[in-house]
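Asks: Residue numbers (our numbering), protein chains in the order written: chain P, 192 to 624; chain W, 192 to 624; chain U, 192 to 624; chain X, 192 to 624.
If you are wondering where the hints come from, they were derived from the structure by calculation, not from laboratory data.
Keep in mind that the hints are not guaranteed to be accurate.
[Stated by the list, open to error] Within a straight-line C-alpha distance of at most 25 Å, the following computed SDA-like cross-link-like pairs (lysine to any residue) qualify:
no., chain 1, residue 1, chain 2, residue 2
1, W, K412, U, D494
2, W, K412, U, D459
3, W, K412, U, N493
4, X, K295, X, D517
5, W, K412, U, A557
6, W, K412, U, T492
7, W, K412, U, R553
8, W, K412, P, A436
9, W, K412, U, E411
Nothing here was measured: the structure is a model prediction, and the numbers come from that model.
Number of protein chains: 4
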Amino acid sequence: MADAESPPAEATSRVERRRAFHVYPEPSWCEFLTTSRLVDCVEAIGVDELYVGRDVIAPEHRLGVPDADVRERWRERAAEHGARPDVLDATTGGTTGLVAVLEKGPGPVVGLRVDIDALPVEEATGDDHDPAREGFRSQNDGVMHACGHDAHMTIGLGVLAELASSEFSGTFKLFFQPAEEVLGGGRPMVESGHADDLDAFFALHVGFGHPTGTVVSGVEKPLAIRQTRATFTGDSAHAGSAPQAGRNAMQAMATAIQNVYGVSRHADALTRVNVGRAEAGTASNVVAERATIDLEARAGTNDVLAYLTDRVDRVLETAAEMHDCDLATTTIGEAPRVDSDDALADVVGAVARGHADVEAVRPSAALGASEDATYFMRRVRQTGGRATYVVVGTDHPGGHHTPTFDIDEASLDVGVDVLSEAIRRTLAGDANC
Amino acid sequence: MADAESPPAEATSRVERRRAFHVYPEPSWCEFLTTSRLVDCVEAIGVDELYVGRDVIAPEHRLGVPDADVRERWRERAAEHGARPDVLDATTGGTTGLVAVLEKGPGPVVGLRVDIDALPVEEATGDDHDPAREGFRSQNDGVMHACGHDAHMTIGLGVLAELASSEFSGTFKLFFQPAEEVLGGGRPMVESGHADDLDAFFALHVGFGHPTGTVVSGVEKPLAIRQTRATFTGDSAHAGSAPQAGRNAMQAMATAIQNVYGVSRHADALTRVNVGRAEAGTASNVVAERATIDLEARAGTNDVLAYLTDRVDRVLETAAEMHDCDLATTTIGEAPRVDSDDALADVVGAVARGHADVEAVRPSAALGASEDATYFMRRVRQTGGRATYVVVGTDHPGGHHTPTFDIDEASLDVGVDVLSEAIRRTLAGDANC
Amino acid sequence: MADAESPPAEATSRVERRRAFHVYPEPSWCEFLTTSRLVDCVEAIGVDELYVGRDVIAPEHRLGVPDADVRERWRERAAEHGARPDVLDATTGGTTGLVAVLEKGPGPVVGLRVDIDALPVEEATGDDHDPAREGFRSQNDGVMHACGHDAHMTIGLGVLAELASSEFSGTFKLFFQPAEEVLGGGRPMVESGHADDLDAFFALHVGFGHPTGTVVSGVEKPLAIRQTRATFTGDSAHAGSAPQAGRNAMQAMATAIQNVYGVSRHADALTRVNVGRAEAGTASNVVAERATIDLEARAGTNDVLAYLTDRVDRVLETAAEMHDCDLATTTIGEAPRVDSDDALADVVGAVARGHADVEAVRPSAALGASEDATYFMRRVRQTGGRATYVVVGTDHPGGHHTPTFDIDEASLDVGVDVLSEAIRRTLAGDANC
Amino acid sequence: MADAESPPAEATSRVERRRAFHVYPEPSWCEFLTTSRLVDCVEAIGVDELYVGRDVIAPEHRLGVPDADVRERWRERAAEHGARPDVLDATTGGTTGLVAVLEKGPGPVVGLRVDIDALPVEEATGDDHDPAREGFRSQNDGVMHACGHDAHMTIGLGVLAELASSEFSGTFKLFFQPAEEVLGGGRPMVESGHADDLDAFFALHVGFGHPTGTVVSGVEKPLAIRQTRATFTGDSAHAGSAPQAGRNAMQAMATAIQNVYGVSRHADALTRVNVGRAEAGTASNVVAERATIDLEARAGTNDVLAYLTDRVDRVLETAAEMHDCDLATTTIGEAPRVDSDDALADVVGAVARGHADVEAVRPSAALGASEDATYFMRRVRQTGGRATYVVVGTDHPGGHHTPTFDIDEASLDVGVDVLSEAIRRTLAGDANC
């Protein structure tokens, strides 16, 4: 049975390794034990260079960083579960993540990025949920690998091992990025400079409704996104004896929520809005002094996202003003839309079509979600390189971000095979990079 | 300097005692150290009977009881600060409070009730806030005696000491009631039976906008109240890739909040509604599965409260249904309106007019707030007795339930003097009970 | 059967007269035939001075004046039904109303004000509605005397006739005020100067839940009120092909409505808010360019009304801004709170108690409604006089302003008797004016 | 200068004809003079069969029919402006529209549909608006050809004239459909049976953002749509004296509006919602008894429209229930999504590419709007035929449905040329129908 005491570096199969990650999920910027275990795994494989923590994250560009006490609690828990002191040291304050490098002579520089954080979701307990039945359900209450990053890490390590034992001339960089779920880790990892010399870049996701045996070689439409935390501050008052003395942050919040959902669709591109978290006031008999909401806007183009965030900001400001409250907003996550390059996607497609377990290859598909891998893609594009975002299909019983999400472990091998071969071909010049 | 190590039983003045209570506030149903200290104080005075915890609370009638882990945390903290094991034992699980009895022969049975719990308010830190400047600011973060219950306990103990050393024939019962702020302790204390034989009953509050030197001998209009916790449960979904799959508890909540505030006024009596606390969802990119709000309705009559709660319930139910969510509601606080009896109020008025430091006596005033002392008043009335609710004026810089609330300590003596003399006269038959 | 061809001046009984008014109701500022008929009636009684139209209305102070074409249509209809050319001339443009004066030597100047306009209510047609069954239902579709002003005019004329045939020394002024329902006629009539010399002033209303046989001698609490028309102007757009191009006045309006109803109650006095009329947009497939709402705020004190209108204005402004719309507001009705004087109310009370058909006399009662008679009361008070607002009880099956409102015609005589005698006594000095 | 006295049948150019239509716009189901003039024009050209009014409309399938008095008023106005008695007779009650048929021997049956109604938009008056400056602005206040149907009729007549003078074997049917703007005329015209034998079908629209010189040969995505009128009925009450007695239709309406706009987007297809018209209550001092809104939902697929209308209906029902109101809804417009057939669109494309004034031909484009031409397209498809929806580009200064909408009259010739040649080729078998 997988548990926190069965570290992934000792796993004898990809399935065991994935389960070892699954059982110990950590939230964004708190991936302390995860980083430590990845360092173990990478060292077991053997690489030429390894950068950890502060060396791969430009801290001032981080978004969505939780409070110090939250980070500290996860750090202590990681320490209790055997996290390496050198890794804890390098990641102090929440600079998690690592970059592993294989350098084999002159040639292209190719990158692969996998993300490593988990979600604030309480994992399902029913017997029809494999991780529960098979004993590798999350041991960290209220946190879950509900988006497949456990599989991403496993595939990433698989690709690294394959390439470590392959002959090629060039450089391979494997980016283990923290804080994707809060869209907060992509930019600071890019700003660290490690992606500045890439000629080609691959990002990876499992699932998104594509079944096991399907590969999407180049995602077309990751939604541009901005996530915001808005805090309304008014004045509390006794709700019975002096309600008029209050400046009611609860009403400002409710008005904002209703009207954010009412922001108009746009003819040029699809739009999404969501207020996903709210916390307000203290007790029923006190007019609420403070209310905080976490919300997001997404759009099919960067321009329409700008339209959408303008409207959302207007709603927040006027809702505050309507109830005489102050407003403070902060961006907690952000990612542009950047599409895949056909040339690089074609390499993946060609490899996938040749794989025995791949039944369908799609040249492109809309993602319907957002991704801060687009920061890597934009940087690579800016420096003349090519990038593609690959979806490795996997049957998943529950939707992404839900308590019953799970993957079909058969897709792990497909992911490793297709990506390592595509990277090999790219290193060999197939994408003409 | 007052601190948790300066227990009230060792205080040499009422001011010191009040400050000792002020520095260690405990929330409703968690008044473990407070109960222990009151037992010490009562024993130091000496009484004929003393009932503590489970003997004074009918647990099935409690409302607003916090989760077990919250209660346990406060119990442990109380233990660390020296709470008596016998009191911790009697109050296990949150049956806090006590009743002290002086029996001096045949005669009327007269009760006084003071409340002992504090509020979830973060106390002010500025130098213009006396408790902060003078060093007796709350040591329990986020909890504060912001409604004067520290003064109530001090006055109650003062009255007990006065009566203990007085000659009278009859019985005096002093009720230290927990959980008034959540309107959850009045009914279970009454249901314990200790109030069944009262001929006269006094309740007490400081302030409410009446300055030091004013006494209101009989409050006319405590608002009838019902406090409710409502939880909307839908389905989470990925806000970008499958928003339509969600059943959005956040939207149900916002619609409910907006419409609860819109419930119509009533021509027959004043009304109040407030949604004072909200908590919903987990993250901006997830359609919220669950949302919880604490809200209340108050009215000038019990009939208009029934009107109001009907409308509020309708709003909650249809807001849930509108967004395809389930609704669960639970009453977390409740109190009827019961007015003061003139005959008993007149005794207080006569005493107050004779007090050197009392400048103004008002026969009645509207309270504008709610109070579960009305459960005592209703019971006393049902068994043929009389009841009055007295306001002892005190200058207070900030409003009740706000971070800068404070009292004028000069009002402590006024409270003790007026109430002990009024009770003495009532025991002597002045109210014709 | 009463109809528009049975003018009130030819009625042989008060019941006939009231029915003649009932059958031909006219909206505020369109009381052309009503004014003409009242002039006929007053001339039939005989007075010393008679002022009509422009002589009794300061037009720049009018509120709630309908559009010119609406006024013109009613004027034409009045002409068709035989309105006197001289009256039509004097009331051109909507300066309706008249003041009749009896001067009988030196002495106090006493005024009585009755209102003459009707409401935009479609009268009930059922057989249980007396006016329908008895054949004097409104002949003017969508307009109805649903607040008893037909009775007020009848009582006013009865009082005038009584006083015309009485001996007294002093002056009696009878004010037939237009546009009370829109709270738009009180102030311009006062500003005309006719009320500047009053020593005593009576206003009158039937019903308000008080049954036939009850008289309230001095209303205590007419609510202060402000009525507003708010127009939101954005941009239209095709709702399917370019929704984002719209600036949606419909959303601004809905947000405003929801939040106006949510404006907080006030501890100092009762409050009321209502959005009673809305009109927005043109068709389902066009983003609404324009939305207009008529709303009102009322309060138990003038200060609390100021609080309320501040909050309402803030809601309107920010709701417009939230949806990028322009806002234009105009006050369409307004009246302060002014209470009755005990001394004058006592005169009414004494008279009423002596009347055979009066079973109950109340010294005061809250009105729960608003009234622009308070402009008269305020002016009289300012010039050293006294004022009272009298309610003459009448059984009424439907509520005021509803399609089934009706009066008990037995109350007409009570009204005439009590008011004419109270005025006689006031002229004789009983109120010490 | 064009005016209602310059009938289109006497126009000597397409520009004059279009202006003659523009100056006299009529709303949906009130196209009495328009139908009469079209009959004149068709007769002047000469056809084999002509069906008018009741012969081309199945009245029970009509949607969005205005009240009888509105229809009667337009009918009278048409009569005053010289509408033919036989046409007025055939269109009594609002069965407007006509079908003209050219039968030239055996062969394919090909149809063209143009729509003939105008919009409730007040036309712009500024000098930068050509129709205003050039003197052919709408003479019918508040109604305007703001969507180019004046151009559609002109092009349709041009095509008819071209084909009347052409050699071909087969049948050409020209459908002049009423009430497209309310999506109410397509289905009843199809249900009349005249479209049952079509082998090929063309529909036509100008503009939609495509400039003069562009032709879209086959629109891909007319949005599926449902338009609804919802009426909330509660109880009125005096807003000051008895607000609680009301059942507030205004609040039900505002809650519905806010939440209709908040209905979630869908991942499978684009969605649109709009509340475009609202009318509620009577006066500010009366709690509104009745509120009516016109709203619509559109979606990129028929399935997503079903999702959307389910959610919208749920909002309407629960908003009514929330405020204790009754709800009545009726569908006032409806159209499915049906895409164009490539084979037929290709014929149009080929023709367009050969036209000297056509600079750009797009094989397809999303419409972003809705169209009840899709009823024709669905019927044709069901009976084995082919259909395409063509956009003839035209520069238009203002957006569709706005007061400054206008067309570039140069596009009239392009429309006639391309469509008549495409129809000729289809009759000749080019589309393989």
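Asks: Can you give the numbers of the hints that this structure goes against, from lowest to highest?
Replies: Of the numbered hints, just 4 does not hold.
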